[in-house]
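Respectively, the protein sequence lines represent chains A and B.
Mapping to the working numbering: the first sequence position 47 is 47, numbers consecutive.
Mapping to the working numbering: the second sequence position 21 is 21, numbers consecutive.
Worth flagging that the hints you see were computed from the coordinates, not collected in a lab.
Positions of the beta carbon are idealized from the N, C-alpha and C atoms, including for glycine.
One or more of the hints may lead you astray.
[To be verified] Simulated restraints on C-beta separations:
no.	chain 1	residue 1	chain 2	residue 2	range
1	A	R164	B	H20	26 to 34 Å
2	A	D169	B	D49	41 to 49 Å
3	A	E30	B	E52	29 to 37 Å
4	B	N43	A	H63	37 to 45 Å
5	A	E137	B	G53	22 to 30 Å
6	A	E33	B	V19	32 to 40 Å
7	A	A109	B	E52	22 to 30 Å
8	A	E30	B	H34	16 to 24 Å
9	B	D49	A	K161	45 to 53 Å
10	B	H34	A	P115	41 to 49 Å
11	A	G156	B	H20	16 to 24 Å
12	B	K30	A	P172	21 to 29 Å
[To be verified] Here are a few chain A residues that face chain B, going by a calculated C-beta distance under 7 Å:
no.	residue
13	A20
14	G139
15	G140
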Amino acid sequence: MAEELAGENCAFVFVYTREAHPSERFPGHESLETKLDHARTMARELGFRRPILVDDLEGTTHHAFGRLPNMTYILNASGNVVYRAAWTDPRTIRGAVDQLLHERGERRARRRVTPYYLEWLPQRSNDDVRFVRDLFELGGSRPVEEYIEAMEQLEGLVATKAIRAWWDDKKPLS
Amino acid sequence: MTTYNYSSFPLDGDIEDFVHFPAGLRVGTKAPDHELIDASSGNVARLSDYYEGGAAVIEFGSYT
Numbered sequence: 001m002a003e004e005l006a007g008e009n010c011a012f013v014f015v016y017t018r019e020a021h022p023s024e025r026f027p028g029h030e031s032l033e034t035k036l037d038h039a040r041t042m043a044r045e046l047g048f049r050r051p052i053l054v055d056d057l058e059g060t061t062h063h064a065f066g067r068l069p070n071m072t073y074i075l076n077a078s079g080n081v082v083y084r085a086a087w088t089d090p091r092t093i094r095g096a097v098d099q100l101l102h103e104r105g106e107r108r109a110r111r112r113v114t115p116y117y118l119e120w121l122p123q124r125s126n127d128d129v130r131f132v133r134d135l136f137e138l139g140g141s142r143p144v145e146e147y148i149e150a151m152e153q154l155e156g157l158v159a160t161k162a163i164r165a166w167w168d169d170k171k172p173l174s
Numbered sequence: 001m002t003t004y005n006y007s008s009f010p011l012d013g014d015i016e017d018f019v020h021f022p023a024g025l026r027v028g029t030k031a032p033d034h035e036l037i038d039a040s041s042g043n044v045a046r047l048s049d050y051y052e053g054g055a056a057v058i059e060f061g062s063y064t
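All chains, please: the whole structure from these sequences, using the hints.
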């Protein structure tokens, strides 16, 4: 999306926060150097082209924006929040950016625009088996077991049946 | 509250953060602009370096 919209004067930036699912390879940060190292490893291994801005060790920026593990904001030219989502969902982000560009075009054409308040509760695709599989490949057994245990408490055994079944079949014998 | 840089994923999944999110930094308000570090250069950077004169999509996250 960032490359597709290059030239539209809309930057795409990633703010690196705490590790949401610490593991032996990527433990919780004990120093800023470790946090920077994790961010640079991610950039290299995932081929990141967007700027990655690393928050301080205390998570000052992360706290100020709501402390969620995978959230997205869109800020306008004045730094005002025009979109905020508790989950990063490319479909709704694209819609919001298209709206911003439309508004910009209207102003350039000297047509009057006025803000209105909108609330929305979209639903995202949630392939949780794929998520735990990726988490296992990246961090090994521990973060997977911690995640499934937490989700079983939060959402119940029925809702988490698929990831438990996948893990029971996949997990290394101890 | 869980220690910010926890060493294990919290059993409650930090659900309180999701509960409180809607009442947090509201649309239409000015976003905080604290110092960050550009992972590529190691230099200090701010979100305003990116949204001024246009707009910026800010994704938060980590590798794991």
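Inset, instruction - Enumerate the violated hints, using their earlier numbering and listing them in ascending order. - result: Hints 4, 5, 10, 12 and 15 are the ones this structure does not satisfy, whereas the remaining hints hold.
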